[in-house]
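Based on the provided sequences and hints, a complete structural model is requested.
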Amino acid sequence: MEFLKHYIDVIATVVEFIGVAIMFLGLLFALFKVIRARHSLSHETYVDVRQAVGKSILLGLEVLIAADIMATVVTDPTLRSVLILGCIVLIRTFLSLSLQVELEGRFPWQKQSDKKANLKVNN
1 MEFLKHYIDV IATVVEFIGV AIMFLGLLFA LFKVIRARHS LSHETYVDVR
51 QAVGKSILLG LEVLIAADIM ATVVTDPTLR SVLILGCIVL IRTFLSLSLQ
101 VELEGRFPWQ KQSDKKANLK VNN
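The opening residue of the sequence shown carries number 1 in the working numbering; numbering runs sequentially from there.
Careful: at least some of the hints might be erroneous.
Said to hold, decoys possible - No farther apart than 35 Å at their CA atoms in a straight line, the calculated lysine-lysine pairs in the DSBU-like style are these: (1) Lys5 <-> Lys55; (2) Lys55 <-> Lys111; (3) Lys33 <-> Lys55; (4) Lys5 <-> Lys111.
Because the hints were derived from the structure by calculation, they are not lab data.
Next up, the structure:
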């Protein structure tokens, strides 16, 4: 069993690294967008860059939550470790939800307004 715990711990560490890398690469991609559009910086460029950074943070947070769950399952699941995991998941879920509301202007369970839906279909 120790053999398996070691490998799952290594996998959880790799998944954590992937989550951080997703956020970092998303930031680099957003900065590349700014550099590419430096001559025509506008509000639309700002919104695009903000969306790119926000989406990379959201995806990175989701991956980090998965890594935390794997790391907690590997250890002996004591009440303390499960409570810590629960707090971490709650905090990251709250961050993800608030980022999504900030980026999209609505909660994930709300339908898109007809105006926004038509804009996406026409584009």
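The hints, checked one at a time:
1. Lys5 <-> Lys55: With Cα atoms ~32 Å apart, Lys5 and Lys55 stay inside 35 Å; holds.
2. Lys55 <-> Lys111: Holds: Lys55 and Lys111 sit about 19 Å apart, inside 35 Å.
3. Lys33 <-> Lys55: With a Cα-Cα distance of about 14 Å, the restraint between Lys33 and Lys55 holds, given a limit of 35 Å.
4. Lys5 <-> Lys111: With a Cα-Cα distance of about 43 Å, the restraint between Lys5 and Lys111 is violated, given a limit of 35 Å.
The structure is inconsistent with hint 4 alone, although it conforms to all the rest.
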